[in-house]
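Residue numbers (this note's numbering), protein chains in the order written: chain X, 1 to 362; chain Z, 1 to 362.
These are calculated hints, taken from the structure and not from any lab test. These numbers come from a predicted model, not from an experiment. A hint or two may mislead.
Pairs involving identical chains hold if they fit within one copy or between any two copies, as the list cannot separate such chains.
[To be verified] DSSO-like mimics (lysine-lysine), calculated; alpha carbons at most 30 angstroms apart, straight line:
1. Lys204 to Lys89
2. Lys73 to Lys89
3. Lys261 to Lys130
4. Lys134 to Lys89
5. Lys261 to Lys134
Below, each chain spelled out in residue letters.
There are 2 protein chains.
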Amino acid sequence: MAKALKVAGKNLAGKVVADFALAIDAMGGDHAPDSILDGLELAAERHPNARFLLVGDEARIGALLARRPRAAKACSLRHAPEAIPGDMKPTAALRVRGSSMRIAIDAVAQGEASGVVSAGNTGALMALAKIVVKTLPEIDRPALAAIGPSARGDVVMLDLGANLQCDSRNLVEFAIMGDAFARAVLGLTNPTMGLLNVGSEELKGDERVRVAAETLRDSHLGTNFRGFVEGHDIAAGTVDVIVTDGFTGNVALKTGEGALKLMRDLLRQVFTSSMPARMGYLLARPALDRLREWMDPRRYNGAVLIGLNGVVVKSHGGTDAVGFAHAVDVAMDMVTHRFNDRIREGLALLPSPAQRLAATPR
Amino acid sequence: MAKALKVAGKNLAGKVVADFALAIDAMGGDHAPDSILDGLELAAERHPNARFLLVGDEARIGALLARRPRAAKACSLRHAPEAIPGDMKPTAALRVRGSSMRIAIDAVAQGEASGVVSAGNTGALMALAKIVVKTLPEIDRPALAAIGPSARGDVVMLDLGANLQCDSRNLVEFAIMGDAFARAVLGLTNPTMGLLNVGSEELKGDERVRVAAETLRDSHLGTNFRGFVEGHDIAAGTVDVIVTDGFTGNVALKTGEGALKLMRDLLRQVFTSSMPARMGYLLARPALDRLREWMDPRRYNGAVLIGLNGVVVKSHGGTDAVGFAHAVDVAMDMVTHRFNDRIREGLALLPSPAQRLAATPR
């Protein structure tokens with residue numbers, strides 16, 4: 001009975017609880033499977049009621065699980081004979097039916113798990129998720145979203161690279177999905193939102209962003225829509241949700257990360273440059289440690305491919321257990337807050353796709 | 001005789017030295033004309049042989065000049081009855097014939113000055129420069145370029161917002177202009193170059209960047225062209241010149257600036273958070289001061305609109321005398337290194353525009 005309902009996909013609307021909260025690709029990432037299992041050991045402690053479907057090389061993972069009691073208790077193991085290499089092209093990855101990534105994604109498509117987390121090949125994950133889990137019927141294109149630090153708290157940005165060229169309709173849909181994401185993952189009741197542009201005046205930018213801004217101003221999101229924001233508004237935290245196309249979003253994300261990394265490296269140089277500087281570091285250490293913790297990229301690990309019939313989270317490939325556990329947190333937030341229901345509610349408040357298409361030229 | 005030659009524009013090819021190295025818009029910027037004149041006082045010391053044409057409200061500026069002996073000696077004053085407000089639209093600014101910005105730009109077009117520096121309205125400056133100074137015949141569209149800090153020294157990035165939508169031909173021309181800029185302003189003999197993209201693999205990105213990369217690989221810039229770079233490569237300084245479209249470049253520039261500003265603010269908080277932290281600051285101060293100086297945005301003030309029949313430099317509107325003097329330095333570097341000759345040399349080494357057009361679809 002439960003199976004029949006799940007096959008019908010009803011679990012995705014939150015009506016049926018899947019057997020597993022998340023399917024986990026144990027073989028993806030630079031330090032897999034060790035870092036994945038260490039991350040699950042942390043995640044199992046934070047989510048004591050969650051069940052995970054762990055997919056990978058059974059013999060190898062079984063041995064590792066034996067030494068991680070919490071993860072062992074929370075996980076069911078499913079064998080996958082293959083793993084997708086980090087440099088495999090998405091088209092080739094689609095043909096590897098027995099990969100850990102594919103079998104984990106299949107579990108979402110079949111309603112066995114509500115979401116999937118992988119630290120593996122990004123392009124392969126996006127392609128597989130779109131084809132196997134499928135895009136929500138109301139959405140034209142899924143987007144990659146993530147959370148980052150700002151002067152005024154965490155901010156959500158999307159698209160971070162799933163769609164390099166976007167039209168105004170895509171941007172409007174990203175806004176709706178970003179709003180739902182900020183509610184589910186940041187727990188905000190009224191997230192403010194801005195559209196990334198080269199200036200904040202209404203006349204700035206190209207047709208694409210101007211039409212999207214007009215549509216958003218007239219929509220149910222209008223009261224929280226703050227219009228155009230600029231690059232410096234990301235770190236300033238001027239708005240909670242920043243909407244942009246995948247090319248700009250990917251470059252902006254990596255530019256900001258790069259600037260923060262440069263500062264971390266330079267500060268390390270500063271505090272090792274002389275004996276007094278070393279002493280200075282020791283004196284200021286509590287505050288400096290808080291700053292370092294705040295900037296820790298592991299705290300922001302976990303980009304989400306949103307707009308699909310299930311929760312799909314990509315962990316950074318190079319992250320460690322702490323970072324992977326954070327990606328699991330993000331996925332759990334989306335599963336427990338029934339993220340896709342929020343998107344559907346948002347889309348229902350917009351004019352119909354046909355009306356939208358007519359109103360917002362591609 | 002000299003005048004006839006100048007009217008023929010030959011000064012721009014470096015064959016005739018103009019009466020003035022630079023025309024200066026004395027009325028543009030948040031703290032004009034005071035900050036402009038203070039900046040010129042610094043610039044006159046650094047460029048003792050340069051003559052400047054100072055354009056603005058004669059009575060007001062005459063009084064200010066009287067108290068700045070070096071600037072007074074280096075400048076000739078020309079009256080402008082009007083000034084372009086910061087919020088005036090470019091189309092409106094084009095109609096104000098008596099503005100200080102317009103009269104300064106006219107001096108470049110007429111060969112009286114080799115370049116112009118303004119801290120005024122960016123949109124107005126770009127529109128006026130394009131229409132009055134005019135684009136180089138070999139160039140499709142001028143671009144906005146500037147220098148920024150990285151882990152491996154200064155890097156050049158363009159376009160920073162002059163062209164929101166670019167085709168592959170534009171990107172190739174930006175690369176040639178960026179190469180010339182890095183030679184003239186950074187003094188590099190073999191600047192390396194990268195095309196900003198969402199990944200470094202050859203197959204990443206859209207048609208536009210892939211075609212541009214192919215053209216650059218096959219061109220005389222091929223040996224220094226490092227292919228695609230990503231957002232984090234900007235701060236890492238992976239290459240000397242980063243080429244991108246104006247939308248992405250503008251967002252990336254402001255995102256990086258925003259991240260660095262956030263770090264400055266947070267460090268200030270760290271070092272005022274407790275008495276020991278204050279003492280720690282004092283101990284580490286020499287190295288922290290070097291870091292602050294290195295990050296000082298005034299050191300990077302001066303964006304250049306390149307691809308025109310003359311040197312056009314935009315100073316940040318909110319900068320002070322030190323920042324404005326730096327913008328003058330950038331303009332002087334371009335004038336003395338005959339920047340436009342370098343661009344012409346680079347363009348001559350490419351296939352003809354007709355061939356390029358055929359090879360690189362718009």
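TODO: Find the hints from earlier in the document that the structure breaks and name them by number, from lowest to highest.
DONE: 2, 3 and 5
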